[in-house]
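One letter stands for each residue in the lines below.
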Amino acid sequence: MDPSGLGSASPAVMEKSGTDAFPLTMNSSVKQETICIFGTGDYGRSLGFKMLQCGFSVVFGSRNPRMTSILPSGADVLSYSEAAQKSDIIIIAIHREHYDFLTELIEVLNGKILVDISNNLKINQYPESNAEHLAQLVPGAHVVKAFNTISAWALQSGALDASRQVFVCGNDSKAKQRVMDIARTLGLTPLDQGSLMAAKEIENYPLQLFPMWRFPFYLSAALCVFFFFYCVIRDVIYPYVNEKKDNTFLMAVSIPNRIFPVTALILLALVYLPGVIAAILQLYRGTKYHRFPDWLDHWMLCRKQLGLVALGFAFLHVLYTLVIPIRYYVRWRIRNSTVKLAISKKEDPFITSSAWLNDSYIALGILGFFLFVLLGITSLPSVSNKVNWREFRFVQSKLGYLTLILCTAHTLVYGGKKFLSPSALKWYLPSAYILALIIPCTVLVIKFILIMPCIDRTLTRIRQGWERSSKYSKSALNGKTYM
Amino acid sequence: MDPSGLGSASPAVMEKSGTDAFPLTMNSSVKQETICIFGTGDYGRSLGFKMLQCGFSVVFGSRNPRMTSILPSGADVLSYSEAAQKSDIIIIAIHREHYDFLTELIEVLNGKILVDISNNLKINQYPESNAEHLAQLVPGAHVVKAFNTISAWALQSGALDASRQVFVCGNDSKAKQRVMDIARTLGLTPLDQGSLMAAKEIENYPLQLFPMWRFPFYLSAALCVFFFFYCVIRDVIYPYVNEKKDNTFLMAVSIPNRIFPVTALILLALVYLPGVIAAILQLYRGTKYHRFPDWLDHWMLCRKQLGLVALGFAFLHVLYTLVIPIRYYVRWRIRNSTVKLAISKKEDPFITSSAWLNDSYIALGILGFFLFVLLGITSLPSVSNKVNWREFRFVQSKLGYLTLILCTAHTLVYGGKKFLSPSALKWYLPSAYILALIIPCTVLVIKFILIMPCIDRTLTRIRQGWERSSKYSKSALNGKTYM
Amino acid sequence: MDPSGLGSASPAVMEKSGTDAFPLTMNSSVKQETICIFGTGDYGRSLGFKMLQCGFSVVFGSRNPRMTSILPSGADVLSYSEAAQKSDIIIIAIHREHYDFLTELIEVLNGKILVDISNNLKINQYPESNAEHLAQLVPGAHVVKAFNTISAWALQSGALDASRQVFVCGNDSKAKQRVMDIARTLGLTPLDQGSLMAAKEIENYPLQLFPMWRFPFYLSAALCVFFFFYCVIRDVIYPYVNEKKDNTFLMAVSIPNRIFPVTALILLALVYLPGVIAAILQLYRGTKYHRFPDWLDHWMLCRKQLGLVALGFAFLHVLYTLVIPIRYYVRWRIRNSTVKLAISKKEDPFITSSAWLNDSYIALGILGFFLFVLLGITSLPSVSNKVNWREFRFVQSKLGYLTLILCTAHTLVYGGKKFLSPSALKWYLPSAYILALIIPCTVLVIKFILIMPCIDRTLTRIRQGWERSSKYSKSALNGKTYM
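Protein chains in written order, with the working numbering: chain A, 1 to 483; chain B, 1 to 483; chain C, 1 to 483.
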């Protein structure tokens, strides 16, 4: 997918190795910057080609410069030490395992900028990051970590659809600045990530596959599977055993439309449960200066993802609900009940309470979904960057709880008159929505207790740094004179 | 919510105060940077702990270093002047009211970087910003404003869901750069906001609660309340008085589904009304170099918010409309009318014009909503940053007016045959949608007049800088020779 | 639309020209920076006014300083050379055609920062960019390109809804930094774009009107028009000719609801077709180092836009489908069929296979649409910036193909029993959805062949740099020792 036409590179280019004439081969008014690339693998070649395209001079360093093949036309290939002398920026397009030979070049590399672009195969593969390892091997050089997040494909294709962000870090700010300028000239977006200590995180970044989404994903998958079998037992197997009715077709739409809202409601409640648990822990301990258990920390960090998965299920529930009237089964049922009424020449009486109940749970559901979508929109990175902490808290906490209340009320009213009536039990199993209500109701009841003035006052004081029954509490208050 | 385990900090740490040994207590290959924090309140402690975690040495400055308690283990606490000597970066974690004591330290602080992290309780509480006040108190120091937008909670929890943006400003670019590097090491995203003049805005930022959304919010709330009572009178009280019918259940779905589209249409028209008024004013005045009245300026600035609120109502209208066929009331009505037809053994004749009218207003509504959603998506910050001015104008102006035309036409065709017929009047009150049409139609008619060639030509010239009947007009044209 | 009140600028201000006293007229504690603006046209004046507002001193340079009119009060107007001496930053608010006079000022401008803010009327109007042209005219000055993406209107109105991004480029990094600081003080967001080589792109940027959207837009328009006439022939003209039935009303909702899904499915398949063609080309050529034909390159670059247009049509299809039960025509048809049943006193038998087919295609459609929306959300710039390459590939490739499979299956099952039955042919024309299935099925079949282990292995090797039957293949492998 390389638009370079490397395959047609003339052998003459290869034979020019060792000459100094290459900057003259390009007619440009600006003095060209020469960049050296160690390593002639796929990524090195892609990077070299892109740099040539963007007006740089490129010289490759190789173990066997005479035997090195297919390089971008216009680029030179020299031995490592010769190539390093051509430029003060050297890109190390070599795997970490082969870094050792660089110690032989320690004098040539002194004072030069070494750009570490390597990636590992596993997260935290080595105790220290590749860039820090490089900095230890060649202490006289300025090591900058960059480019590892950009794939060879993105470099070549100029595809704008993938992220063009280049995370850059390094201890020397001038070296970092120069590498960032090169990245910009290549059409990429460099992001300064601070000192070389950030290299580990930068190296782990491209290896991740939605780490924060795993727990929400597996949890929701487990909930879906559980409720699927629960509903199949109640709605397919039970009528088949009792009435020999073939209800299997319910598995396509009707049963998913029970699973999805139930999963969405439970996940939404699980977004707010850790906050409630944290508040209880703080009240019990009487201090905020005490670490939460690890599971609670992790749970709190993936609340946003839990909420978005819940929104996904809510969205599916809305779609599955709105298609109800165009389903063959529903049309058939309505038609037949109407025909029966017509044959018996009776009119259906209008029950106002049914109209009220039905319209109420529909309205509650719509409003809950609307607020849920609002919450989802504010969690888009570009939107949440535009709101300050106060606004973020207002939306995520106030609107979030309102959403939970509306969705719980939607489910409660949906149950309506038949809620907890024994006739709804099948093989002693209650409807799925009754199970779904347990966690949300618990969260709401505890939250309601927590916001009662007496408890809320204590909690607020704890969160502002006050500590109960600490032996340092007196001096702590003293120390707070100034803030 | 502090993962530091501060509660278990051994008293030994506190007694080390005054020793210089602290940099040795951490085994790190990099020379550690020492940062001084004045003030041992909650925020100072949170920041100190986070800095220790990220590899900095931290020394606290306190009025009573011996009496100061619970600090993060690893941090020293000294008197202000002793602490200030340990570092060239001093973070002032003290309320503005207590800044005065810093004048005593004026010599020690000379040439140091003072980081003002304070917030106020009210917007524009003081005539000058806290950071500028600090710079006046300690003229020899380089004052940098930073960190005030990050809450103690976000610092401690490492929560990625809230904004991690740190607005930084200051007159000395090197001092600013160092503070930005520290922010990056803490995992935050520093944003350079220029000189210390920006401090006021940065200090006001975290105190805001959706300032641009207030007017749209209150306006839409007022419209909703008005139309709610209007519809209740027409649809609930009128039938109750005339026919003793209990229609209260309409308040759950039917009446909201009249209020929402009406509010959405009026708000959408109000997005385009100020532009039309501005054009008339410019035509009347014959110049664009004349300030608009304040109300018009403010109105124009919150058009985006008005439009998004309108989109919210349109979204609700769509959901309320799509649930119509699953409502108990609607199903009951359709069933009964069918039963009546069946009993009377008549078939309903098909009226092509009704089919046309009905399908047209549905199609217009869907297309209008679709364009409306497109407009909403392009107003997302990350999307609007990707389009240039020409594209933005095209979307917001051309597509915007097309949306308004489609939505107005949707409402007009909805009225259809019964539009303005006297039978629709109840107690002389027309349907709500007729009231909703007034502003949109006015805007569209005026806009139509404004884009007529003769008027449009004059307006374009005015907007390019031309002025009618100005005594400077001749020389103004002269001055425009070059641009 | 200028809040400056320029019209009331007193003539006294103009007469102050030539004095040095202007910095004293503003009471500010900070030493004011003076900025010089060459040119007194609309944009120069808007910029000057904005700068005055933000605390800068402004001096205009003009050919005829005495004859220059209406300038912002507080700004001076001098001759070019006098004005240039007042400041080391000069903004060139002059059209490129008039740059030549600057050669006379070459000595005065030596060492100064010249800010080129010009735009052209056409993309690539001149061989080199205006900024590079300026740098050649005044070689001793540091030329910085900036501000050309900000309209005069955005400057004046302080409108936050338009993009506030200022692209800045230049060869001197200090000069660039100073211009970026000025932009920040004006409340804009400067983005460093590297060296002056980027100027051409920056100058072309504001002239573009959705360049990547053109091909998807025209293609989808062509598809819509074709399928509109196709459906009109089948559904309106055919019944009119054969049965004299007036079905014209179908053109409002029913026919669009055939066109939209068909177009969406074809466009979605066209997103994945170029990738499949590229893979075949690479397999055939045995190398990835060979340029693709231009049409394929261009096609691959606008896949994201194709996909988003397809999503738009899918969204319309969903809305058009969900309104089906509230259409007059549909209600009339259902009512009449029920009445007929009731009159004949028959009940409709329930056909389980119909229920299965109907529910399946609905469920497949909903799940396909759901994944499609997910794909659309991840293509939002702020979201795609948050995911790394591996995650992006996972979403766009794995989820993307799953979406295509679900949508194709939705269409296949929709056909159901009547699929390819001769009775569905009208004038030998099959239903539109059958035509729509050709491309998606082709893509899926080829993709299925490509992921078979034997073929996939070869393709993966080629994409990692391996080449078949190249005369350099041996040394190439050699050269890959290190990466």
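The set of hints was computed from the structure by calculation and includes no laboratory data.
Check before you lean on any hint, since a few could be wrong.
Same chains, same label: a pair holds when it works inside one copy or across any pair of copies.
As the list claims (entries may be wrong) - Result set (DSSO-like, lysine-lysine): computed pairs, CA atoms no more than 30 Å apart in a straight line:
1. Lys122 x Lys398
2. Lys447 x Lys398
3. Lys122 x Lys418
4. Lys200 x Lys398
5. Lys122 x Lys386
Here is how each hint holds up against the structure:
1. With identical chains, the CA atoms of lysine 122 and lysine 398 are at most 30 Å apart between copies only, with a shortest distance of 22 Å across copies and 41 Å within one.
2. Only within a single protomer do lysine 447 and lysine 398 lie at most 30 Å apart by alpha-carbon distance; the minimum there is 12 Å, versus 41 Å between protomers.
3. For a Cα distance limit of 30 Å, the shortest separation of lysine 122 from lysine 418 qualifies neither inside one copy, at 54 Å, nor across copies, at 52 Å.
4. Only between protomers do lysine 200 and lysine 398 lie at most 30 Å apart by alpha-carbon distance; the minimum there is 28 Å, versus 38 Å within a single protomer.
5. Taking the shortest alpha-carbon separations for lysine 122 and lysine 386, only the inter-copy value of 20 Å comes in at or below 30 Å, while the best intra-copy value is 35 Å.
The structure fails hint 3 only (numbered hints given earlier).
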